Structures are given as structure tokens and as C-alpha cells.
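Asker: Heads up: the sequence shown begins at 2 in our numbering, then just goes up one per residue.
In case anyone wonders, no lab produced these hints; they're calculated from the structure. Be careful, since some hints might not be right.
What the hints assert, rightly or not - Below, computed lysine-lysine pairings styled on BS3-like, alpha-carbon distance capped at 27 Å:
| # | residue 1 | residue 2 |
| --- | --- | --- |
| 1 | Lys-133 | Lys-71 |
| 2 | Lys-71 | Lys-230 |
| 3 | Lys-158 | Lys-185 |
| 4 | Lys-133 | Lys-5 |
Since the model is a prediction, treat every value here as computed from it, not as a measurement.
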Amino acid sequence: MSKKIETLFIFSFLVLFTLATLYPALNIIGISLRTDDAFQTRSLALWTAESSFRSYFTLFLETDFLTWMKNSFLVSFVVTLTGVVLASTSGYALSRFNFMGRRAVLSSLLMTQMFPATMLLLPFFILLAKLKLINSYLGLIIIYSSTALPFCIWQMKGYYDTIPAALEEAARMDGCSRFSAFIKVILPVSAPALVITALFSFMASWSEYVVAAIVLQNPELYTLPLGLKSFQASLATQWGLYAAGAVVVSIPVTILFISLSRFLVSGLTVGSVKG
């Protein structure tokens with residue numbers, strides 16, 4: 002009897018937790034389907050008699066949303082590619098090689114994670130100003146990559162540590178060079194860690210606002226967060242457009258998580274080496 006009560010309690014808690022988690026997202030979807038004057042309605046219905054997709058049509062046809070999305074995809078793609086390439090190679094070097102300063106490098110990477118991002122805004126701005134990279138995607142990519150890389154390198158290094166060296170040794174005995182063994186053996190086995198690295202790098206740049214607001218000042222270069230902010234005025238906010246934009250912005254990340262979820266659970270090295 003106590004087991005049934007415990008199961009019922011856990012099930013009820015999970016249901017309530019799920020509803021509490023889904024409510025903000027469902028509320029945003031509901032707001033995107035309402036007119037601005039119905040924003041503060043107390044109705045929990047997603048679709049009412051006054052609901053429509055007008056905000057979505059306006060978003061795509063009467064604003065620069067597609068331009069902002071293109072800019073965000075460009076920046077996020079470069080940051081993700083940079084993160085995967087540099088983190089996979091740097092993490093491998095820190096995992097497999099013993100060289101002078103290795104511990105100092107690991108400690109430095111760890112220390113960079115102890116500073117809040119807002120504390121680094123002024124040094125980053127001064128650096129980009131001296132390099133004349135203000136109001137450029139390159140400056141934005143440098144900041145995003147430099148802030149995401151420490152975690153990604155640590156994460157990749159930790160995963161490489163779990164891969165048996167016998168895998169590389171077997172590949173080397175079959176005639177592979179160290180680089181070939183890394184490309185053909187280590188990277189395929191490290192797919193879960195690479196996926197996490199790619200997702201973290203992508204998310205670090207896809208919806209970031211503060212750094213983008215400081216670096217990008219030309220409206221033609223705006224990314225999605227800056228573009229959505231333009232819907233907010235001092236006297237009135239276009240809540241329908243704001244919510245519709247938020248829904249569309251969340252779709253790529255949701256698709257990535259769903260399509261790559263099977264890689265997020267590691268353990269591919271189990272059984273790779275017999276004996």
C-alpha cells in the first residue's frame with residue numbers, strides 16, 4: 002500500500018512539474034495568437050474566437066525578421082564550427098599529451114569560468130575597439146567563441162580521458178598515423194561529446210543579447226535578440242510580434258535537441274575493447 006502511495010505521489014509531482022514547465026511556453030504561444038489589446042486576458046485558452054496568425058504574417062512580411070535570422074544563423078554556425086574544431090583538438094592534446102604548462106592551461110581554462118560574463122564586457126569592448134572590430138560579426142564571433150571554448154575544451158578533455166588508449170594503439174598498428182587515428186577512431190567514438198559541444202556553442206550565440214547589443218550598432222547587422230528588442234518601445238510594446246518572434250526563435254534549438262537527443266547519453270565506448 003505504501004508503495005502505491007509513493008508511486009502516486011511521485012506521479013502527481015511529475016505531472017505538476019511538467020505543467021509548470023510547459024505553462025510559460027504555452028502562454029507565449031497563446032500571446033502570439035492574440036491581438037495586442039487582448040494581451041492581459043486571464044484566459045488560459047491557446048485559441049479563442051479572436052485568435053489569429055496575424056502576428057506571424059506581420060513578423061515575416063513586414064519586418065526584417067528573416068534578415069535577423071540569417072545573421073543569427075551565420076554567427077551561430079561559425080561559432081559552433083569554431084567550438085567543435087578547437088575544442089575537439091585542444092581537448093585531445095590536453096588528454097593525451099604531457100607537456101610543460103599543461104596543468105597551467107587546465108587551471109586557466111577553469112579560472113575563466115569563475116568570472117561572470119558581465120564582468121568581461123568592458124575588457125572585451127576595449128579589445129575589440131583597439132582591433133577595430135566593433136560593429137562587425139568577427140568581433141561578435143571572437144567573444145562568443147572565447148567564452149564558450151573553456152567549457153567545451155574541459156568537456157571534450159574529460160570525455161577523451163574515458164576512451165581506452167588501446168583503440169588508438171590498434172589503429173596505429175593497422176598503419177594509421179596519430180592524426181588518422183584521431184579522425185577515424187577517436188572522433189566517431191566521441192560523437193556524444195561533440196554533440197554537447199556543438200549544442201553549447203550554438204546556444205551560447207543563438208539567443209545572446211547583451212554582448213550583441215554592445216558590439217553590433219548597425220541595424221542591418223542585428224541578430225535575432227537585437228531585432229526582437231526593437232519591438233519594445235518606451236510607450237508601447239508589440240507583444241504579439243514579440244511573442245511570435247520568441248516562438249520562432251525557439252524552434253531551431255528545439256529541433257536540434259530532439260534530433261540529437263540520442264547522442265546526449267554517452268557510453269559508446271562500452272565494449273569497444275575486449276579483455
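Asker: Please go over all the hints and tell whether each is borne out by the structure.
Answerer: Status of the hints after comparison with the structure:
For the suggested pair Lys-133 and Lys-71, the alpha carbons sit about 24 Å apart, so the restraint of at most 27 Å is met. The straight-line distance between the Cα atoms of Lys-71 and Lys-230 is roughly 17 Å, inside the 27 Å bound, and the hint therefore holds. The hinted pair formed by Lys-158 and Lys-185 meets the criterion: a straight-line CA distance of about 18 Å does not exceed 27 Å. Distance check on the hinted pair: Lys-133 and Lys-5 sit about 66 Å apart at the alpha-carbon level, beyond 27 Å; violated.
Of the numbered hints listed earlier, the single one contradicted by the structure is hint 4.
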